[in-house]
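Student: Chain residues, written in single-letter form:
There are 2 protein chains.
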Amino acid sequence: MIATQDTQTRQRTADELYALFEEFSSKNPFPKEPAGLYHAVRHIMSIPGKRLRPILCMAAAEMFGADARKAVEAAAAVELYHNSTLVHDDIMDAASLRRGIPTVHEVYGTNAAINAGDVMIIKTYELLARLACPVSVKAIQIFSKAAVEIIEGQTMDLDFETRTDVTEAEYLKMIEYKTSVLLAASLQMGASIAHANERDAEAVYAFGKNLGISFQIKDDLLDAFGDGTKTGKKVGGDIVQNKRTLLYLRALSKADPSQRDELKRLETVAGEQEKIEGTLAIFNSLDIKNEVEKTASEYYENAIEHLQKIEIAEERKQVLYNLAERIFTREF
Amino acid sequence: MIATQDTQTRQRTADELYALFEEFSSKNPFPKEPAGLYHAVRHIMSIPGKRLRPILCMAAAEMFGADARKAVEAAAAVELYHNSTLVHDDIMDAASLRRGIPTVHEVYGTNAAINAGDVMIIKTYELLARLACPVSVKAIQIFSKAAVEIIEGQTMDLDFETRTDVTEAEYLKMIEYKTSVLLAASLQMGASIAHANERDAEAVYAFGKNLGISFQIKDDLLDAFGDGTKTGKKVGGDIVQNKRTLLYLRALSKADPSQRDELKRLETVAGEQEKIEGTLAIFNSLDIKNEVEKTASEYYENAIEHLQKIEIAEERKQVLYNLAERIFTREF
Numbered sequence: 493m494i495a496t497q498d499t500q501t502r503q504r505t506a507d508e509l510y511a512l513f514e515e516f517s518s519k520n521p522f523p524k525e526p527a528g529l530y531h532a533v534r535h536i537m538s539i540p541g542k543r544l545r546p547i548l549c550m551a552a553a554e555m556f557g558a559d560a561r562k563a564v565e566a567a568a569a570v571e572l573y574h575n576s577t578l579v580h581d582d583i584m585d586a587a588s589l590r591r592g593i594p595t596v597h598e599v600y601g602t603n604a605a606i607n608a609g610d611v612m613i614i615k616t617y618e619l620l621a622r623l624a625c626p627v628s629v630k631a632i633q634i635f636s637k638a639a640v641e642i643i644e645g646q647t648m649d650l651d652f653e654t655r656t657d658v659t660e661a662e663y664l665k666m667i668e669y670k671t672s673v674l675l676a677a678s679l680q681m682g683a684s685i686a687h688a689n690e691r692d693a694e695a696v697y698a699f700g701k702n703l704g705i706s707f708q709i710k711d712d713l714l715d716a717f718g719d720g721t722k723t724g725k726k727v728g729g730d731i732v733q734n735k736r737t738l739l740y741l742r743a744l745s746k747a748d749p750s751q752r753d754e755l756k757r758l759e760t761v762a763g764e765q766e767k768i769e770g771t772l773a774i775f776n777s778l779d780i781k782n783e784v785e786k787t788a789s790e791y792y793e794n795a796i797e798h799l800q801k802i803e804i805a806e807e808r809k810q811v812l813y814n815l816a817e818r819i820f821t822r823e824f
Numbered sequence: 493m494i495a496t497q498d499t500q501t502r503q504r505t506a507d508e509l510y511a512l513f514e515e516f517s518s519k520n521p522f523p524k525e526p527a528g529l530y531h532a533v534r535h536i537m538s539i540p541g542k543r544l545r546p547i548l549c550m551a552a553a554e555m556f557g558a559d560a561r562k563a564v565e566a567a568a569a570v571e572l573y574h575n576s577t578l579v580h581d582d583i584m585d586a587a588s589l590r591r592g593i594p595t596v597h598e599v600y601g602t603n604a605a606i607n608a609g610d611v612m613i614i615k616t617y618e619l620l621a622r623l624a625c626p627v628s629v630k631a632i633q634i635f636s637k638a639a640v641e642i643i644e645g646q647t648m649d650l651d652f653e654t655r656t657d658v659t660e661a662e663y664l665k666m667i668e669y670k671t672s673v674l675l676a677a678s679l680q681m682g683a684s685i686a687h688a689n690e691r692d693a694e695a696v697y698a699f700g701k702n703l704g705i706s707f708q709i710k711d712d713l714l715d716a717f718g719d720g721t722k723t724g725k726k727v728g729g730d731i732v733q734n735k736r737t738l739l740y741l742r743a744l745s746k747a748d749p750s751q752r753d754e755l756k757r758l759e760t761v762a763g764e765q766e767k768i769e770g771t772l773a774i775f776n777s778l779d780i781k782n783e784v785e786k787t788a789s790e791y792y793e794n795a796i797e798h799l800q801k802i803e804i805a806e807e808r809k810q811v812l813y814n815l816a817e818r819i820f821t822r823e824f
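Here the protein sequences come in this chain order: A and B. Under this note's numbering, the first residue of the first sequence carries the number 493, and numbering increases by one thereafter. Under this note's numbering, the first residue of the second sequence carries the number 493, and numbering increases by one thereafter.
Some clues are possibly wrong.
One copy or any two copies: either way a pair holds, since identical chains are not told apart in the list.
Stated by the list, open to error - Simulated crosslink set (SDA-like; lysine to any residue; CA at most 20 Å straight-line): (1) Lys801 x Gly557; (2) Lys524 x Val640; (3) Lys665 x Pro526; (4) Lys735 x Glu508; (5) Lys524 x Asp649; (6) Lys637 x Ala527; (7) Lys665 x Gly528.
Hint data in this document are derived by calculation from the structure and do not stem from the laboratory.
Required output: the full structure, derived from the provided sequences and hints.
Tutor: Structure (structure tokens):
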């Protein structure tokens, strides 16, 4: 379908999709009672967010010729589910803050937080069931596969904390599951709603998956080498927490025995300054920043290639190309 | 449809439905990896259980003329979801044992238990999505309404622990939500799969709901007045835990001021023996056992009435009539 000036086929911008999501949310508020339950749900849902997954979902639908309004329930569903994982993950990580705001379990207690996450999962499926058959079932299948993988990825991430032998392949699989498959599924659901063919729906899934992985790797890079202002997080947070990031794993594999010993010694050092400076020194001597930046770019280029091979007019892909670039460069 | 000797329309017994459920479970095992996640899932699913909800689901399907095999995914779904609520509830109640077996969070940790419950919810919906459209969407809607209510009921139950002004109406709503709606929904889903009409599907729902409430009230009675052998639980456990059961609420409403003061004083008494004996003495002087038994019977009779009004041959209802009686008298 060729884009024309006809408003029927003009694709919405990311900002317009954001507005559509917000409009749907305000027209579909959560119940009031029981208060303890739904206050907790509103607490997490009202943290200002980019709403990336719903925007991607609706953008994919429009790329394939459907009006975004046909995908707004699915968009709301993926955002609701994403937030439910944040509520449960924050319990598991014993996090007291999220984006500077107290976590749900801190404010309402762990029991309310478990219940809030659970009811959000159920309501995710209630939203998906509002789509027409057979698209609803297809969307539920796509979504459920991703949701299982997210939980498996979270399990892997928790397991890794107590292991010293995590491989790069395992790490990449974990971040694929934990952080990328929902982006990918959001896009694939949008495509499905627009009746895209199977091959194209899988291509847009692969676009999202690779984009998500590239973004997570860039996140790891920014944590160690960023200036703190873009992410709002302290530099070296991952190093302080002994997190097995791609940087750390790449350094371990490239290091000579004395550097490996030093990296492990630094894990036990109490002083944050020494820990961060020492680890970064080894990263720099092993050229980790450049290498891992290259890996991030490879995933990004893979993402773009998947989008390129979809056989529709290139101008229809502009919204997603633009979003991909803004996500990768953290302008979004 | 009139039941005949034709094996195509012979309805299965509860035992045969149980076997069908077990067969489906063994043919549809959970994944092996990640081990931490699925070991936890298998832990709860392998506790021997009556499998009441799946049996009711399939029995309803057969009552309305469908083969139970058409309802086995839905049956497996409701059992899986029921068990997911047990996993999360046990975390919230800080329970170390369930039926004498260590709880999932005790064995695998709270994080694995949260994840296990979550993945079980997702897989519940994957099972429901295996039904054909539009029945799958209908089943998902029926199920989801019940699932939301269960979580709301659990929220109410937790809230009640810190309140002294819980009314009988609130208590009955809480047990309806927490313990009865899933029984009801299981039946309604089975009816839906058999293409029962809306009125009959709602009648079988109401049968299940009332049956569930009557069973829970009987449970409260047994805790205080039973002999411990049938339930396997210590007599007076609810009294020791200051639980707001129907017995306690009925006693509070019937008590004179001095009895009310005594009931509240007993809540603070440390000695279990004194606490139980004192509370039972007040219950007995207020004839609570008889009154509450009457209430339980009223709900049971309501249940049977709903089943009676379904306009199909009475002999088709025998499986459910028998099950209802066995459940109510705790022979099941």
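Student: A separate judgement is required for each hint: does it hold in the structure or not?
Tutor: Evaluation of the provided hints:
1. In this assembly of identical chains, Lys801 and Gly557 lie within 20 Å of each other by CA distance solely inside one copy; the values are 17 Å within and 50 Å between copies.
2. In the homo-oligomer, the alpha carbons of Lys524 and Val640 lie at most 20 Å apart only across protomers (13 Å), although the nearest pairing inside one protomer, at 30 Å, exceeds that limit.
3. In the homo-oligomer, the alpha carbons of Lys665 and Pro526 lie at most 20 Å apart only across protomers (12 Å), although the nearest pairing inside one protomer, at 39 Å, exceeds that limit.
4. Neither within a single protomer nor between protomers do Lys735 and Glu508 lie at most 20 Å apart by alpha-carbon distance, with minima of 37 Å and 52 Å respectively.
5. In this homomeric assembly, Lys524 and Asp649 come within 20 Å of each other (Cα to Cα) only across copies, at 17 Å, whereas the closest approach inside a single copy is 35 Å.
6. In this homomeric assembly, Lys637 and Ala527 come within 20 Å of each other (Cα to Cα) only across copies, at 18 Å, whereas the closest approach inside a single copy is 32 Å.
7. With identical chains, the CA atoms of Lys665 and Gly528 are at most 20 Å apart between copies only, with a shortest distance of 17 Å across copies and 37 Å within one.
Going down the numbered hints, you'll see the structure goes against just number 4.
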